[in-house]
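Using the sequences and the accompanying hints, generate a full structural model.
Top line first, the protein sequences correspond to chains A and B.
With the UniProt record's numbering applied, the first sequence closes on residue 179, and no number is skipped along the way.
With the UniProt record's numbering applied, the second sequence closes on residue 502, and no number is skipped along the way.
Quick caveat, the hints were computed from the structure, so don't treat them as lab data.
Check the hints yourself; a few may be wrong.
Said to hold, decoys possible - Computed Cβ-Cβ distance ranges for the label pairs, DEER-style:
id, chain 1, residue 1, chain 2, residue 2, range
1, A, Arg83, B, Asp325, 46 to 54 Å
2, A, Asp144, B, Glu6, 37 to 45 Å
3, A, Ile52, B, Ala56, 34 to 42 Å
4, B, Glu210, A, Arg170, 35 to 43 Å
5, B, Glu210, A, Phe171, 38 to 46 Å
Claimed, not checked - Now the stretches of chain A that chain B is said to cover, found in silico as 3 or more residues with beta-carbon under 8 Å:
id, segment
6, 150-159
7, 166-174
Glycine included, every Cβ here is placed at the ideal spot set by N, Cα and C.
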Amino acid sequence: MSVVVAKRYAGALFEVAKERGTIDAVEEQLGLVNQIVAESTDLKKMLYFPGIAGEVKKKVVEEIFKTEVNGEVLNLLKILIDRRRESILEDLQASFVEIANDYRGILDVNVTTASPLDKDEEEKIMEAFGQIYDKKLRLHTKVDPKVIGGVLVKVGNRLYDGTLSGKLNRFHQELKSGR
Amino acid sequence: MSIKAEEISALIKKQIENYDSAVQVTDVGTVIEVGDGIARVHGLDNTMAGELVEFANGVMGLAQNLEENNVGIVILGPYSDIHEGDEVKRTGRIMEVPVGEELLGRVVNPLGQPIDGKGPINASKTRPIENKAPGVMARKSVHEPLQTGIKAIDAMIPIGRGQRELIIGDRQTGKTAIAIDAIINQKNEDVLSIYVAIGQKESTVAGVVETLRENGVLDKTIVVSAGASDPAPLLYLAPYAGVSMGEEFMYNGKHVLIVYDDLSKQAVAYRELSLLLRRPPGREAFPGDVFYLHSRLLERAAKLSDDLGGGSMTALPIIETQAGDISAYIPTNVISITDGQIFLESDLFFSGVRPAVNAGLSVSRVGGSAQTKAMKKVGGSLKLDLASFRELEAFSQFGSDLDKATQAKLNRGQRIVEVLKQDLHNPYPVENQVAIIYALNNRFLDDVPLADVKRFEKELLSYLQENNKEILETIRDKKQLPEADVFNAAITEFKKTFVASN
Numbered sequence: 001m002s003v004v005v006a007k008r009y010a011g012a013l014f015e016v017a018k019e020r021g022t023i024d025a026v027e028e029q030l031g032l033v034n035q036i037v038a039e040s041t042d043l044k045k046m047l048y049f050p051g052i053a054g055e056v057k058k059k060v061v062e063e064i065f066k067t068e069v070n071g072e073v074l075n076l077l078k079i080l081i082d083r084r085r086e087s088i089l090e091d092l093q094a095s096f097v098e099i100a101n102d103y104r105g106i107l108d109v110n111v112t113t114a115s116p117l118d119k120d121e122e123e124k125i126m127e128a129f130g131q132i133y134d135k136k137l138r139l140h141t142k143v144d145p146k147v148i149g150g151v152l153v154k155v156g157n158r159l160y161d162g163t164l165s166g167k168l169n170r171f172h173q174e175l176k177s178g179r
Numbered sequence: 001m002s003i004k005a006e007e008i009s010a011l012i013k014k015q016i017e018n019y020d021s022a023v024q025v026t027d028v029g030t031v032i033e034v035g036d037g038i039a040r041v042h043g044l045d046n047t048m049a050g051e052l053v054e055f056a057n058g059v060m061g062l063a064q065n066l067e068e069n070n071v072g073i074v075i076l077g078p079y080s081d082i083h084e085g086d087e088v089k090r091t092g093r094i095m096e097v098p099v100g101e102e103l104l105g106r107v108v109n110p111l112g113q114p115i116d117g118k119g120p121i122n123a124s125k126t127r128p129i130e131n132k133a134p135g136v137m138a139r140k141s142v143h144e145p146l147q148t149g150i151k152a153i154d155a156m157i158p159i160g161r162g163q164r165e166l167i168i169g170d171r172q173t174g175k176t177a178i179a180i181d182a183i184i185n186q187k188n189e190d191v192l193s194i195y196v197a198i199g200q201k202e203s204t205v206a207g208v209v210e211t212l213r214e215n216g217v218l219d220k221t222i223v224v225s226a227g228a229s230d231p232a233p234l235l236y237l238a239p240y241a242g243v244s245m246g247e248e249f250m251y252n253g254k255h256v257l258i259v260y261d262d263l264s265k266q267a268v269a270y271r272e273l274s275l276l277l278r279r280p281p282g283r284e285a286f287p288g289d290v291f292y293l294h295s296r297l298l299e300r301a302a303k304l305s306d307d308l309g310g311g312s313m314t315a316l317p318i319i320e321t322q323a324g325d326i327s328a329y330i331p332t333n334v335i336s337i338t339d340g341q342i343f344l345e346s347d348l349f350f351s352g353v354r355p356a357v358n359a360g361l362s363v364s365r366v367g368g369s370a371q372t373k374a375m376k377k378v379g380g381s382l383k384l385d386l387a388s389f390r391e392l393e394a395f396s397q398f399g400s401d402l403d404k405a406t407q408a409k410l411n412r413g414q415r416i417v418e419v420l421k422q423d424l425h426n427p428y429p430v431e432n433q434v435a436i437i438y439a440l441n442n443r444f445l446d447d448v449p450l451a452d453v454k455r456f457e458k459e460l461l462s463y464l465q466e467n468n469k470e471i472l473e474t475i476r477d478k479k480q481l482p483e484a485d486v487f488n489a490a491i492t493e494f495k496k497t498f499v500a501s502n
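Printed below as a string of structure tokens:
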């Protein structure tokens, strides 16, 4: 349910950001807001608690984010509080990034490796996936020793599993089913 | 089952040698909600309706509801170790079951996995469980009989190969018994059988399997069982798995008899599934497509044209009614889909008429074209006679003074009822059925005491077997009635030797 709602709000926010030419800034600030809310349990509790009056919440939010974010994002937060939709913030960010990426022709590529990638390797991955998708790629790297070796690339909902752990897993299942 | 250690090593060696380092590309989603055998998954773009998906723990699921931002998936197996946030992979396959002769004599679950402890099934072929039914040009009208070996059915409600005949009645009226007898009667025929048990007690299924084994037909039968303790999705899939196994034989020119025992439980399982998937409920809380659920299943039973090999699949769906109410939702649906029904009544059953077939409400829309000539001749008037007897019987209960003609009619009616009684798991070959009904029609039984009818029947048949074999052979092989004089003479001759008891 909340995903559907978040999409509508994200669409509206994107239109505003597009008109004012602040798409990148809004994207970044939404991330910042989410990060702060996620990090501060007290803030999250307060935002989600329905017993606290909207006026109080709005004052607190304004105090915290006044200097950090643009007018559009601050107004969005206030509207969400008025409409009692504080809980959709996370989905809203995801939907906004999706819409914005679509507009800018950017594709987010999540790469997970066992050890950090150097520039050369990053270039190679970008090149390989640039050919498949024909879009501007934005690389997000993550280090997870659990993959053991190789790379795990996730583009949207498509998973390119070239990791050793994935191979071992598949090998394990093959042995189990093949007996 | 034991595997030798060196076999394992050899297997692993082979797999290591052929192991490719290719990157696996899959579409994935994340579980956002799981419970009651249903998972909602975010992502999984481009999933097909009915596609198999794989959960992180290796359990399979079936994509059912494709919505704007999630996919409703029914889980085909234990769902206790599937969690929110788990990854779900597309497989790109539609659900399939193994098919072929390797399955004969086995008991399998709706996924085609053996559950009889007799080791793996090495079937080389598979078929998708959803398949389009043969179209108009692929079919031929039903014309060969499928002998059930039950006098009441073969004489009055004949079933043809490729027909769909519903068996309907309350609990404890012998529905399963009729279906099992029909399977047993295929022992010496060129018909393979499939018994689909849906939502039944495992002990009942074990009993059926044992009965089939004792009667020597298990080797020609596949038992598909989704027990009462299996999750609803498996109950829903069981008939489709069974019919796919049957189709493989049918399209190869063979004849198949498939029994769905019973479809009311499948409808209930489908209702459970649909409600959990939040599909809107309709009448009796069944979803809107519950008619299609049964129609697309039963439509796959067919008699194929000669171009396609002339194979056939005869379906005997079973429906359980509550207190004889055949106008409930599911019974009316299935009655309208099938080519007739065998209606069983508990009143008849408890008054000793077994099989408890109600001749008035039972029909076969294929009718006489699915009977041999001999049977058509002797059986033609039986149903009318029985109906008029039932009418008179009800009427005669009020008065004691009855005229001769009425008494004679009642007398005959009682004998018809007596002759149509039959023991459990004792199917009659068609020539025996014709012989006894011929004797009945030609008034040879009118002066036999009611209590002796059964013994008369038994002794007549063994007499004919001993002394007039050619009569039975004519009926069996030429499918014609022998000359009336010869037949009558033989029965008269026998009657001289028959001594009534008391």
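Against the structure, the hints:
At about 52 Å, the beta-carbon gap between Arg83 (chain A) and Asp325 (chain B) stays in the expected band of 46 to 54 Å. One distance hint, 37 to 45 Å for the beta-carbon pair Asp144 (chain A) and Glu6 (chain B), holds here, with the actual separation near 38 Å. Ile52 (chain A) and Ala56 (chain B) have their C-beta atoms about 39 Å apart, which keeps the hinted 34 to 42 Å range intact. Here the CB-CB span from Glu210 (chain B) to Arg170 (chain A) is close to 42 Å, well matched to the stated 35 to 43 Å.
Taken as a hint, the range 38 to 46 Å holds for the pair Glu210 (chain B) and Phe171 (chain A), whose Cβ atoms sit roughly 42 Å apart. Counting residues of the segment 150-159 of chain A whose beta-carbon sits less than 8 Å from any beta-carbon of chain B gives 5, enough to reach three: the coverage restraint holds. Beta-carbon proximity to chain B at under 8 Å applies to 6 residues in the segment 166-174 of chain A; the threshold of 3 is reached and the given coverage holds.
Of the numbered hints stated above, none is contradicted by the structure.
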